[in-house]
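Take the first sequence: its position 128, counting from 1, is numbered 128 in the UniProt record's numbering, and each next residue is one higher.
Bear in mind the hints are in silico, worked out from the structure with no lab data behind them.
By construction, the Cβ of each residue, glycine as well, lies at the ideal position given by its N, Cα and C atoms.
The reader is advised that the hints may include incorrect statements.
Beta-carbon label-pair distances, calculated as ranges [as the list claims (entries may be wrong)]: (1) D97 with P248: 43 to 49 Å; (2) L49 with H96: 41 to 47 Å; (3) K75 with T106: 30 to 36 Å; (4) G242 with D280: 31 to 37 Å.
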Amino acid sequence: MDAGTLVGWFDANARELPWRADGTTPWGVLVSEIMLQQTPVARVEPVWLDWMARWPRPSALAAVSRGEVVRAWGKLGYPRRALRLHEAATVIAAEHDDTVPSDVDTLLSLPGIGAYTARAVAAFAYGRRAPVVDTNVRRVVARAVHGAGDAGQPSTKRDLSDVDDLLPVEEKLAARLSIALMELGAIVCTARSPRCTMCPIHAECAWQLAGTPEYTGPAKAVQTYAGTDRQVRGKLLDVLRGTAGPVPKSRLDVVWSDAGQREACLASLLDDGLVEQLADGRFTLPGEHQAGSPK
DNA sequence: AAAACGTGGAT
DNA sequence: TATCCAAGTTT
């Protein structure tokens with residue numbers, strides 16, 4: 001597929017997202033990428049704006065308590081991401097001169113940054129040539145290149161190789177193609193009702209040429225939520241997020257009737273460092289109060 | 001390498 | 001109302 005076609009389409013049709021504005025720092029890009037993991041753009045936007053206003057550099061985030069970070073994370077979900085971002089900021093401030101690394105291997109060494117995020121930061125923040133593979137890109141490649149209805153099981157090695165094959169040699173153009181592929185998957189080549197008539201590569205799409213066959217691979221695992229520990233942890237944490245100060249255990253006991261599951265979830269939150277218990281027995285978000293001194 | 005890990009809007 | 005799904009990472 002022609003990089004110029006897709007990049008031209010991107011330039012004319014890309015959404016104006018705050019982290020794409022001129023002047024966005026690599027730190028801003030990193031924050032957006034972490035927040036966007038498994039979380040829709042619309043929910044990230046307001047939180048990102050608030051976050052960047054409060055903590056415009058990694059060192060600013062590193063300077064506040066974990067609890068403050070978890071509170072600001074709000075209801076984006078998967079709050080361990082907030083903790084890992086806080087850790088990553090601490091490392092960046094202390095070991096990288098407060099500058100987000102531009103090299104994929106260094107990025108991969110930071111907590112919360114995996115195969116996707118490392119390359120997204122390298123490409124979007126630094127204009128590097130890096131195969132950026134997320135769920136959107138996997139779907140675009142499955143259709144446009146392989147002629148399948150949807151992507152099969154992820155395979156980091158093969159997925160990276162597939163996309164690497166599409167990228168031109170020239171760095172800046174490759175980086176632009178990477179973000180164009182993602183955007184195409186996000187707004188045109190979507191999971192449910194792809195807008196194929198608006199697609200810039202409609203004529204050369206292998207899926208179109210094959211007659212848009214149905215997806216035939218293994219069924220995707222359906223993710224349940226109701227009744228899971230995930231739900232219980234969410235309810236417990238929501239009590240602490242919604243309260244300024246420490247709360248007695250009785251406040252947490254009312255969110256879930258199954259005491260065994262409730263206790264296990266509270267223990268796991270303490271273990272994760274998302275919740276802290278004070279000397280007087282009350283619970284708080286971590287680091288917002290003196291753990292050793294009552295009241 | 002499968003499973004855990006939040007949340008809420010859209011269909 | 002129920003299911004799907006959203007810029008993944010970690011263990």
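A quick look at each hint next to the structure:
1. Remark: the range hint 43 to 49 Å for D97 to P248 is upheld by a beta-carbon distance near 44 Å.
2. Take L49 and H96: their Cβ atoms lie about 25 Å apart, and the range 41 to 47 Å is violated.
3. Between K75 and T106 the beta carbons are some 31 Å apart, a value that agrees with the proposed interval 30 to 36 Å.
4. In this structure, G242 and D280 break the distance hint of 31 to 37 Å, their C-beta atoms being roughly 20 Å apart.
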